[in-house]
Amino acid sequence: MKEGITLFSKNPSLMLQYLDVLLKHSNFTKAAKDLYISQPYLTQVIKQIEQELGVPIIDRQSQRLKLSEAGKIYYHYLEKQNTANAMLTQELSQYTHPDKTTIKLGVLQSLGSFLLPLFLPKYLQEHPAVNLILVENIPTVSEKLAISGEIDFFIGQNPETISPSLRLETAKTESYYAIIPATSPFFEKKKQQLSIGSIPIKALLSSPLVLSSPGSAIRNQVDSLFNKYKIKPQIILESQNIITAVELATHGLGLTIVPTSIINKLTPGAYNLYPLSSNLISLNYFIAMNLTKTLDSYENDLVESFLTIGK
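With this note's numbering as the guide, the letters of the sequence shown map in order to residues 274 to 584.
Treat the hints with care, as some may be off.
[As the list claims (entries may be wrong)] Calculated cross-link-like contacts (lysine-lysine; reagent style DSSO-like; alpha-carbon spacing at most 27 Å):
1) Lys339 <-> Lys306
2) Lys566 <-> Lys395
3) Lys566 <-> Lys373
4) Lys345 <-> Lys320
5) Lys463 <-> Lys475
6) Lys395 <-> Lys297
7) Lys339 <-> Lys297
Since the hints were derived computationally from the structure, they do not count as laboratory data. Keep in mind that this is a model prediction, so the values were computed, not measured.
Using the sequences and the hints, build the whole thing.
Structure representation (structure tokens):
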């Protein structure tokens, strides 16, 4: 990249917005109107970036405007810079707001997407002096960070294998449900929930499946059922985000297995909910901290707020 980078290169969020709107409309005039700027100004911005990079970022030869191959590289660069800027701002917030108490909370991104909304909004409303920083990593990394004290807390699922160097508080045990799409032979019309025990577990697990990726706590438990019943699963698709698996299941791709906290957020549709016996599979959420950590009042309230899940 040449010297003399403009404001637009230094502001990846703004540049991403310009490119997204331009590609959406495939027209400079319509895009400029949507962005509340003039068409000549938008054209000048794109040309100036292309001059800086030394390559065109917009393919103007195709029927619809699209990113050139170099433009795709630049777009991904902007995304990375935007994420890095957001992370820097978050990390610095503990120093830019010294009047606030900073708490670093580790969590798997897919777990946080459905678990954190169950308790965190209320906690933060009641504790405006807390600056909460989410550190999203896979569980093994979060566990190490909690042991070293680089994060204050680590939220996870099923605490059986957690290091003895961590102290755990466990929320209420959750049961599981199978989401049975309308494409399944087990689907029953005009019913939302089926009776527990009405479907043989081996037949259920032998169905086409949409599951969370290997390594997640939910997947580990489902895999244990495959091993227990000696089933070679028919997995159509795997996703790192359990919400994606749920959406695909409710739209007919295959059966999936999820905890109650997710089921409670679903709207009725062309699928059945089938409760699984807690003797087969159940889920415990936990919050972990360094064994030697002494909690202040804000941290203690966070733990207490977490423990309200499922109550």
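Structure-based check of all given hints:
1. Lys339 <-> Lys306: 19 Å, holds
2. Lys566 <-> Lys395: Answer holds: Lys566 to Lys395 is near 24 Å, not above 27 Å.
3. Lys566 <-> Lys373: Given that 27 Å is the threshold and the Cα spacing comes to 20 Å, the pair holds.
4. Lys345 <-> Lys320: With Cα atoms ~16 Å apart, Lys345 and Lys320 stay inside 27 Å; holds.
5. Lys463 <-> Lys475: 25 Å, holds
6. Lys395 <-> Lys297: Not OK: Lys395 and Lys297 at ~37 Å, beyond 27 Å, violated.
7. Lys339 <-> Lys297: Between Lys339 and Lys297 the Cα gap is close to 9 Å, so the pair holds against 27 Å.
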